[in-house]
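Q: Line by line, the protein sequences give chains B and F.
Residue numbering for the first sequence follows the working numbering, beginning at 1 and increasing consecutively.
Residue numbering for the second sequence follows the working numbering, beginning at 1 and increasing consecutively.
Errors might be hidden in some of the hints.
What the hints assert, rightly or not - Heads up, simulated DMTMM-like pairs for lysine to aspartate or glutamate below, C-alpha to C-alpha not over 20 Å straight-line: (1) F/LYS100 <-> B/GLU88; (2) B/LYS144 <-> F/GLU97; (3) F/LYS69 <-> F/ASP170.
Worth flagging that the hints you see were computed from the coordinates, not collected in a lab.
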Amino acid sequence: MITPLLATATPGAPEHGLLLQLLVIFLAAAFTDNILLTRFLGMCSFLAISRQMKTSLGLGVAVALVTTATAGLNYLVHRFITVPLGIEFLELIIFIVVIAAFVQLVEMVVERVSLPLYFALGIFLPLITVNCAILGVSLFMLNKAGYGFWQCLVFGAGSGFGWMLAILLMAGIRQRLKTDKIPAGLQGAGITLIITGIIALAFVGFSGMIKF
Amino acid sequence: MSFKNSASGTALLKNLWQDNPVFRQVLGICSTLAVTNLVLNTLLMCGGLIFATALTSLTVSLLRDYTPKQVRMMVQVLIAAAYVIVVDIAIRAFFPEVHKVIGPYVGLIITNCIIMGRAEAYACKNPPLPSFCDGLGAGIGYSLVLLSIAVVREVAGFGTLLGFTLPRLDLWWHQWTILVMPPGAFFMLALVAWLANSFVVKPANTGGAK
Chain B
1 MITPLLATAT
11 PGAPEHGLLL
21 QLLVIFLAAA
31 FTDNILLTRF
41 LGMCSFLAIS
51 RQMKTSLGLG
61 VAVALVTTAT
71 AGLNYLVHRF
81 ITVPLGIEFL
91 ELIIFIVVIA
101 AFVQLVEMVV
111 ERVSLPLYFA
121 LGIFLPLITV
131 NCAILGVSLF
141 MLNKAGYGFW
151 QCLVFGAGSG
161 FGWMLAILLM
171 AGIRQRLKTD
181 KIPAGLQGAG
191 ITLIITGIIA
201 LAFVGFSGMI
211 KF
Chain F
1 MSFKNSASGT
11 ALLKNLWQDN
21 PVFRQVLGIC
31 STLAVTNLVL
41 NTLLMCGGLI
51 FATALTSLTV
61 SLLRDYTPKQ
71 VRMMVQVLIA
81 AAYVIVVDIA
91 IRAFFPEVHK
101 VIGPYVGLII
111 TNCIIMGRAE
121 AYACKNPPLP
131 SFCDGLGAGI
141 GYSLVLLSIA
151 VVREVAGFGT
161 LLGFTLPRLD
171 LWWHQWTILV
181 MPPGAFFMLA
191 LVAWLANSFV
201 VKPANTGGAK
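The following block holds chain B by itself, in its conformation from the complex (with noise of 0.2 Å):
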């Protein structure tokens, strides 16, 4: 936002170091710092939709695939639309209709392109414009300094994996979950938001180990 960005990795850096700096980037993003588990984004459709296996996986690939596409838009937007023209401040605006173009966009190739894609993951995408992950993916790579086009998107994967991750491990625990006796006023919202927090709770023991 207003830190500047600077351009793509450091010149002359050798190879192998952006590659393994990307490395670094995707499993920050979908470990360390789970834009679901610690940062909350996300949770009105994780909430809701984890119930069912099926739908959470379809739910969380688009996610992945949708948030991995906008970051790397975003980013270009960002480089050489809003900061040139010295318009910031109107990101949030341009951000979200980004995001719903390019949902709208998928939505139209998937149709052209494979009927059975399409209804697999047809109802979750009017869901995604709307999702904040997606969002604050793009608004969050912003504020990480020296993020160039390629961290963006490895960033954009990275957190969209995790999201996807995250819904699948609550889904599995669901599951199981539906023989078990619950106390009443715990059922539903309760135990998912203790399930999520014990979760949550593991991802930050790897927080130790990744520093970027």
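Assemble the complex: chain B is given as a structure, and chain F must be docked to it using the hints.
A: For chain F alone, coordinates are given in the frame of chain B:
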């Protein structure tokens, strides 16, 4: 007709307790939950959210006859985004230090389910004044819950309240680090959902509460 019984009054009051969005469906916790480890951050975020929700509802309601059905979601998002930008600029101007920490979360108010939820469920088919009150009530009701979470987290985790150290900490306080870490917010929210499920949503059913 008193204010309490008018359409606006009902819309405002029922969102505070009975239909409180967090109690009913645990909705809209994204973005704000992340900043509940400090009361000041929460206050600013909630203020922004109340402002954005109330005015978005008002605007959506004013434009409800001119908005084509097919594009109304997009229109609502854009209206919300405009108000959130106002909030963002205000926080950046008055609390630059806080903005560095919560900046991205402020932007995420746009995708907060409460704004869209109230616009879609109430404002797009009701007159402006009740819609405004409905948005205001939903925002305030939601903020009260989050503030209570924030107070517990800040006191237990840091031993401070709004940044001031509480008196005689050595006597009664032991740092509870987990509460300022992200998992703490999940546990606190689970507690809120539990209490709400037991006492608010189904008053007859208290079996789950200790």
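Q: Against each hint, give a clear statement of whether it holds in the structure.
A: Hints, verified against the model:
no.	hint	in the structure
1	F/LYS100 <-> B/GLU88	holds, 15 Å
2	B/LYS144 <-> F/GLU97	holds, 17 Å
3	F/LYS69 <-> F/ASP170	violated, 60 Å
Going through the hint list in order, the structure does not satisfy hint 3, though it satisfies all others.
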